[in-house]
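Enquirer: As they're listed, the protein sequences go chains A and B.
Okay, so the first sequence: first residue is 0 according to numbering that gives the first Met the number 0, each after it adds one.
Okay, so the second sequence: first residue is 0 according to numbering that gives the first Met the number 0, each after it adds one.
It should be emphasised that the hints constitute simulated quantities derived from the structure, not laboratory data.
From the three backbone atoms N, C-alpha and C, an ideal C-beta is built for every residue, glycine too.
No false leads were mixed into what you were given.
Once the Cα atoms are required to be at most 25 Å apart in a straight line, the calculated DSS-like pairs of lysine-lysine come out as:
hint, chain 1, residue 1, chain 2, residue 2
1, A, Lys-8, A, Lys-231
2, B, Lys-113, A, Lys-368
3, B, Lys-110, A, Lys-251
4, B, Lys-113, A, Lys-363
5, B, Lys-110, A, Lys-363
6, B, Lys-39, A, Lys-191
7, A, Lys-4, A, Lys-251
8, A, Lys-264, A, Lys-8
9, A, Lys-264, A, Lys-308
10, A, Lys-4, A, Lys-264
11, A, Lys-250, A, Lys-12
12, B, Lys-110, A, Lys-250
13, A, Lys-236, A, Lys-264
14, B, Lys-110, A, Lys-368
15, A, Lys-149, B, Lys-32
16, A, Lys-236, A, Lys-310
17, A, Lys-47, A, Lys-308
18, A, Lys-35, A, Lys-149
19, A, Lys-311, A, Lys-236
20, A, Lys-47, A, Lys-69
21, A, Lys-250, A, Lys-4
Coverage of chain A stretches by chain B, computed from C-beta distances (three or more under 8 Å per stretch; other residues unrestricted):
hint, segment
22, 153 to 166
23, 184 to 193
24, 317 to 323
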Amino acid sequence: MPAPKLLTKDWDKPSSWTLETYRQGGGYQALPRALKMQPQQIVDEVVKSNLRGRGGAGFPTGMKWNFVRKETSFPKYLVVNADEGEPGTFKDREILLRSPHLFVEGLIIGCYAVDCHLTYVYCRGEFRDSAMARLQQAIDEAYAAGFAGKNILGSGFDLEIHAVFGAGAYICGEETALLESLEGRKGYPRLKPPFPANAGGGLFRQPTAVNNVETLANLPVIVTLGGDEYGKIGAPKNGGTRLFAVSGHVKKPGVFEAPMGISFKALLDEYCGGMREGSTLKAIIPGGGSSAIMTAAEAEWASDFDTLKAKKTMAGSGGVVYLDQSVNMAHALANLMRFYAHESCGQCTPCREGTAWLSRLLDKIVAGKGDKRDVDNVHQIARQMEMKTICALADGAAMPAKSYIEKFRADFDALVRG
Amino acid sequence: MIPLGTQSGPVESPFTPEQQQRFDAGLARAVAKYPPDRRKAALLAALHLAQDELGWLSEPTMAYVGFRLDVPPVRVREVVTFYTMYRMRPVGRHQIGVCNSISCWAMGSEKILKHCSELLGIHPGETTRDGQFSLEEVSCLAACGNAPAALVNNFRYVENVTPESMGALIGELREKPGTEMAKGPLPRMPDPHLHEQSQGAPQATGSLDGPAVSTHPEAGSTEPR
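Chain A extracted, bound-state conformation (with noise of 0.2 Å):
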């Protein structure tokens, strides 16, 4: 099947980003249809599409409306993070970059579907002056068109739209962190139960729904298609098309539209144009770095949320990194703990530590200093941090720790003694 284009359509025309060419191409159309709806019926229809959030957990977005549209405390927010820093992945920024528009009108959708009227989008504090920008200038077209602000489109419903942006830190794409973030605190993690969609756990502590940018630049679509039709593309409960944000050893990165469960080895080959001149394939990071590593053997695998699941990996973000054979793997695991050490936030002492204690056996067994005792250490620490912390960071640093040696422990060998 020809993968269909839904949220990348107008991303090669010029001034793609622009309310005009947006509109040429049948931009804000959904929104007044989706208007007319009930919000429950807009609900209905996303839980319908099995769209599932394209952050990193795969929450079907559906179900998450549901609970934030059955709290009955005032005010509900509807909070969006931009704060994209997972190792691998860049699609939010094409999305802000190229579409924003597409993203503008999903969030006013999402936000009539949550009955929420004060809307935050929290970008990563790099973007400032370049995606957020272009975010920025897409609202206030969106404002000036009629398309924010009161009454919209004489439909009655009000809604404010502030873009904030953060000031560098990975720890915040977690979503209570990004929360207390925007409440102008550090991001440390919160304690869950109460979730942020329940009242009590999210924005000042009103019910909240946390979306990421890709999830809601699909509500356009599943309006204009219906939730059934949507849902027919892509894999069983896993709706729709994903941005593939791919780089690495392949001779075309960049981002890619194709459908849910995609296999690996056919986005490389039908969509990146396979590995470059001289290289040949040996891993796949399948889901941003914080998703256990795959060998080129197991390129076969489908992209989707379950089958990931089921092989001890993750879809994660959609940020593929495909590495090949120049790369020792003890290597690339020592960078990407630096970089788990460097943003473990503190708060929780397995991960505080953790993170530090492999990165030291890391940096030194690639150092040649290590011998093969350090690389049974970084296993058992691995193991010992997962699921004893509050958020998922060290969980994150943990699945690549195992999953490299145990899928490629000659690398580790090759440079350790006895």
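Using the hints, position chain B against chain A.
Expert: Chain B alone, transformed into the frame defined by chain A:
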């Protein structure tokens, strides 16, 4: 020395009248984004505004920002030390951050870092003696498709960089006065006195030729220890 846990009376502004005007206007816009009883939420934005004007956040600056939002100084300090984009000591007029996260690393970012180090004569985390350049190793910038990537002065992306293009960029920046990082006429030269104190900190290693000033956030604040 400002007591960190308490607040007594108005705090003196660190800004010139012009800077004050821009800061006040920016702060009003930032505060307006939040519900009236939630103005403290604008702290991150207010700190960015102050840093835009002054280039870095000194203790008096932090105390002033906190004063404006009714946030205790210790809370401000907590936020400043947590986020990497805030500078607790002066940095060079041009700060170059080279991404060394997995995709950039696989595409040769270490070569880029080494090249920049040699060109500038400093290690990552240091500032050149003339105060022109700081070099940093940064983590994933979300530009992996155009790896290796770099970031100039916190907000400007440079992608698909090569050792040659970084050399050209450094040459280009050398010609420019540091308008991007600090708008104000504040002297941005690292204080030699400050350098001596930072010798005790583990990150403050010597530069490739002659000493430099550590700008590593963990090297501590500018207050005497």
